[in-house]
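Enquirer: Spelled out, the chains give:
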Amino acid sequence: MKLTIQVNEGPYQHQASDSAYFFTKAALEKGHEIFRVFFYHDGVNNGTRLTTPPQDDRNVVSRWSELAAEHDLDLVICVAAAQRRGIVDDGEAERNKKDATNIAPGFRISGLGQLVEGGIQSDRLVVFGD
Amino acid sequence: MKLTIQVNEGPYQHQASDSAYFFTKAALEKGHEIFRVFFYHDGVNNGTRLTTPPQDDRNVVSRWSELAAEHDLDLVICVAAAQRRGIVDDGEAERNKKDATNIAPGFRISGLGQLVEGGIQSDRLVVFGD
Amino acid sequence: MSETKKFMYVNRRAPYGTIYAWESLEVVLIGAAFEQDVSLAFIDDGVYQLVKGQDTAGVGMKNFSPTYAALGDYEVTKIYVEKESLEERGLTLDDLQHLVWEDEDDDWAEKDSIRLVSRAELAEVFSGQDVMFNF
Amino acid sequence: MSETKKFMYVNRRAPYGTIYAWESLEVVLIGAAFEQDVSLAFIDDGVYQLVKGQDTAGVGMKNFSPTYAALGDYEVTKIYVEKESLEERGLTLDDLQHLVWEDEDDDWAEKDSIRLVSRAELAEVFSGQDVMFNF
Amino acid sequence: MSILHLVNKSPYERDSLDTAADYMVDGDAMLLIEDGVYAAMSGGKAASKISGMKVSVLGPDLAARGISEEKLVDGVTVVDYAGFVDLVESNDKVQSWL
Amino acid sequence: MSILHLVNKSPYERDSLDTAADYMVDGDAMLLIEDGVYAAMSGGKAASKISGMKVSVLGPDLAARGISEEKLVDGVTVVDYAGFVDLVESNDKVQSWL
Chain A
1 MKLTIQVNEG
11 PYQHQASDSA
21 YFFTKAALEK
31 GHEIFRVFFY
41 HDGVNNGTRL
51 TTPPQDDRNV
61 VSRWSELAAE
71 HDLDLVICVA
81 AAQRRGIVDD
91 GEAERNKKDA
101 TNIAPGFRIS
111 GLGQLVEGGI
121 QSDRLVVFGD
Chain B
1 MKLTIQVNEG
11 PYQHQASDSA
21 YFFTKAALEK
31 GHEIFRVFFY
41 HDGVNNGTRL
51 TTPPQDDRNV
61 VSRWSELAAE
71 HDLDLVICVA
81 AAQRRGIVDD
91 GEAERNKKDA
101 TNIAPGFRIS
111 GLGQLVEGGI
121 QSDRLVVFGD
Chain C
1 MSETKKFMYV
11 NRRAPYGTIY
21 AWESLEVVLI
31 GAAFEQDVSL
41 AFIDDGVYQL
51 VKGQDTAGVG
61 MKNFSPTYAA
71 LGDYEVTKIY
81 VEKESLEERG
91 LTLDDLQHLV
101 WEDEDDDWAE
111 KDSIRLVSRA
121 ELAEVFSGQD
131 VMFNF
Chain D
1 MSETKKFMYV
11 NRRAPYGTIY
21 AWESLEVVLI
31 GAAFEQDVSL
41 AFIDDGVYQL
51 VKGQDTAGVG
61 MKNFSPTYAA
71 LGDYEVTKIY
81 VEKESLEERG
91 LTLDDLQHLV
101 WEDEDDDWAE
111 KDSIRLVSRA
121 ELAEVFSGQD
131 VMFNF
Chain E
1 MSILHLVNKS
11 PYERDSLDTA
21 ADYMVDGDAM
31 LLIEDGVYAA
41 MSGGKAASKI
51 SGMKVSVLGP
61 DLAARGISEE
71 KLVDGVTVVD
81 YAGFVDLVES
91 NDKVQSWL
Chain F
1 MSILHLVNKS
11 PYERDSLDTA
21 ADYMVDGDAM
31 LLIEDGVYAA
41 MSGGKAASKI
51 SGMKVSVLGP
61 DLAARGISEE
71 KLVDGVTVVD
81 YAGFVDLVES
91 NDKVQSWL
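These protein sequence lines map, in sequence, to chains A, B, C, D, E and F.
Quick note: the first sequence uses the UniProt record's numbering, first residue 1, plus one each step.
Quick note: the second sequence uses the UniProt record's numbering, first residue 1, plus one each step.
Quick note: the third sequence uses the UniProt record's numbering, first residue 1, plus one each step.
Quick note: the fourth sequence uses the UniProt record's numbering, first residue 1, plus one each step.
Quick note: the fifth sequence uses the UniProt record's numbering, first residue 1, plus one each step.
Quick note: the sixth sequence uses the UniProt record's numbering, first residue 1, plus one each step.
If you're looking for bench data, these hints aren't it; they were derived computationally from the structure.
A virtual CB, placed ideally from N, CA and C, is assigned to each residue, including glycine.
It is possible that part of the hints are untrue.
[Said to hold, decoys possible] Under 10 Å between C-beta atoms, here's a sample of chain A residues computed to sit facing chain F:
| # | residue |
| --- | --- |
| 1 | Gln15 |
| 2 | Ala16 |
| 3 | Val126 |
So here's chain A without its partners, still in its complex pose (with noise of 0.2 Å):
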């Protein structure tokens, strides 16, 4: 089955991320096909590279860098949430005159529709969040 997963808390707070990591890596090891895994709302949190966790826990975010280049998994941090939150890119830095990025290896900033996409390609939608 196609699936896309969607990701609405940042990571540690909330279990959210933990969960769908798992969830998503369960689902790649049974040969399902992941579409895309969307972060909106606080999710777009999992995508900055600067966190640095304590040494006895687990990272969050290079966690799913790592998923990704492995899978070729399609992280999608939504543009809308990013900007509130201050998650940023080359292009968002840009266009938005940041002086700084903090993206992770691995996640792409795109649109809303994204997630619609993933609604309409995947033969499932899971969401994770608070």
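Fit chains B, C, D, E and F to the supplied structure of chain A, relying on the hints for placement.
Expert: For chains B, C, D, E and F alone, coordinates are given in the frame of chain A:
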């Protein structure tokens, strides 16, 4: 009276930061002293200068920065919470080998002891969160 | 996969306390361009989103409630409001905005968008959907 | 202002679903260095924090529950657990960790840290506090 | 020493108002803010949870949600942010039921 | 078309389990994850809300919270993340009661 304000949620997702801002402003207008505003949990995300909210919406981050400039407020971001969530100043960037910073003007990163000290030194602690 | 899907947006949160209501509406507006068969459901605290007379001047936030009245123009015409949730909160349809759409197949007659349904009826509507969006 | 204040940390959230429980504990540990008169209260879902036998291997998160047993070493010896919250959840003290501290004024005798109190009793304890920390 | 009990969540969504109400003792006060204000609407099932108690609501949060003051439970007082500050001052401490 | 109802919050803190349970119709299934798993503990007041329904719980979330499988309400099935994926596949769609 002397007040310490604690903010537990980031900008936009929850009203907590808005409520804390208007409460702090009203306390200042009444002549009370704000000993400190302490940003904890996802509250640290109020301290990123990378946000670009829509033109027709308030700017939660710069509102805090401006209030701090006007009243010489001590806006403290918890370092442990900030590391988990990717809020970085020059010192943190150097210490954790990050290639960018995102802290907003008027905010500083420090330890949890600053919250405890707020509890000791202030007449009231008021907590805003989810 | 190219045929039209039935999209149901389920709204269960009050406005302003959290951003979910507003960012849900943003998906609905963007999604309208994709010409799917769209419905919205307001359950539990979600019914508060439609309460009329919202005035956000004092909290410094954008008042997005007028957007609901524009949904008809986006061809979003099926808005389910759950009766039990309204009643529990002491609300009636009169407390909510009057949402309408114009039916081009009926000489642009103005028709009500809101469908007041029981929990059991809405559960049946859910059964017939293809994709649930949750806010 | 230099005298000791009574600090009450109120914990109402379950562990792991959100980080509040763990980041609350981090404040308590740091705060111990300030030598205030510290108490912890576990109410509502907060009582789940103390349930024994937590094993987080399958969710990839750090198991912080052993830290509660170390609180005695930080001279945090007053841990209030609310009876009504336990009962509502079908829990008894036997389901929770056995938390103790050593009383240096009583030849280092090991004493229980957990005080099982009713909601009404805990409300009285709250009345006597100087500062409430809320998680 | 009196407590100002702060409730910011809808009584229909969360358990915080229930617990806060149980913890109110003589001399304490309660302030409803953000989505907490819904508890003060007469006609709602949650209204009974605060009847007879010393309860205030934050006016700007009421207005944002379209609740006119006539719809409030009898005895509930409306305050603005300045009144919120005064409540914090007139009670000895604040307990936020997050 | 069957729905998998996903509940991730404690039934003591939120209203989501109540609503999800009301929306279960014949053929639907429910999966409790994260803090939602507390609903499946026998002896708790919330246990009655799921009795007689087709309910699964996520094992890793149970273990994290120190709930042994003997403490579960009768008839509740324990699944791992792979089983979670299977539940998503075997139902026609997913409704997350956030």
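Enquirer: Would you mind marking each hint as holding or not holding in the structure?
Expert: Results for each hint:
Nearest Cβ of chain F to the Cβ of Gln15 (chain A): about 5 Å, under the 10 Å cut. The hint holds. With its C-beta approaching chain F no nearer than about 8 Å, Ala16 (chain A) sits inside the 10 Å limit, and its interface hint holds. The restraint placing Val126 (chain A) at the interface with chain F holds, with a minimum CB-CB distance near 5 Å, inside the 10 Å limit.
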